[in-house]
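Using the sequences and the hints given, assemble the complete structure.
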Amino acid sequence: MAETIDRVVGYISDPVISEKLHNLSHQGTVEYVVIEQKDTLRRRIRIQSDCGTECLVAIPRNQTLSDGAVLLLEKDRAIVIRLTAEEWLSLLPTSIEVATELGYFAGNLHWRVRFDGPILLIALEGPEEDYLARLRPFLESGRAKRVDHER
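For the sequence shown, this note's numbering assigns the number 151 to the last residue and increments by one with no breaks.
Source of the hints: derived by calculation from the structure; they are not laboratory data. You can trust all of the hints, since none of them are fake.
Below are the DSSO-like pairs computed for lysine-lysine, each with C-alpha atoms no more than 30 Å apart in a straight line:
no. : residue 1 : residue 2
1   : K145      : K38
2   : K20       : K75
3   : K20       : K38
As the structure is a prediction and not an experimental result, all values here were calculated from the model.
Here you go:
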């Protein structure tokens with residue numbers, strides 16, 4: 001049977017909810033739904049918990065799905081969201097001008113990016129090869145290079 005979820009009950013950061021979840025976890029009745037970062041922007045989603053419960057989620061626009069969001073909290077069980085770890089492509093531009101050009105290029109493609117010092121980080125929301133193919137002119141010309149970067 002599917003659970004229809006029409007709102008986020010709260011978050012595990014709430015002390016009252018945290019206490020209830022702690023008690024339920026001792027009974028083994030806390031279920032987790034793992035979603036990707038890109039799915040946090042969705043208002044309607046069909047997902048399945050680690051225990052096999054199908055959840056039909058349709059939340060209001062003023063609520064968001066996030067790590068630790070509690071979708072269901074009953075006296076005998078709960079369903080909580082966990083986010084997968086995000087993967088990032090790390091690039092080191094050779095200059096501020098190239099960094100600006102790369103940022104503009106990524107923005108036109110609607111890629112999520114952020115800078116960590118001189119490193120441009122691009123959130124991977126698809127196969128890495130697809131991103132590298134689009135970035136080939138920057139990489140082959142030496143204007144940017146791929147680097148390993150601890151986030």
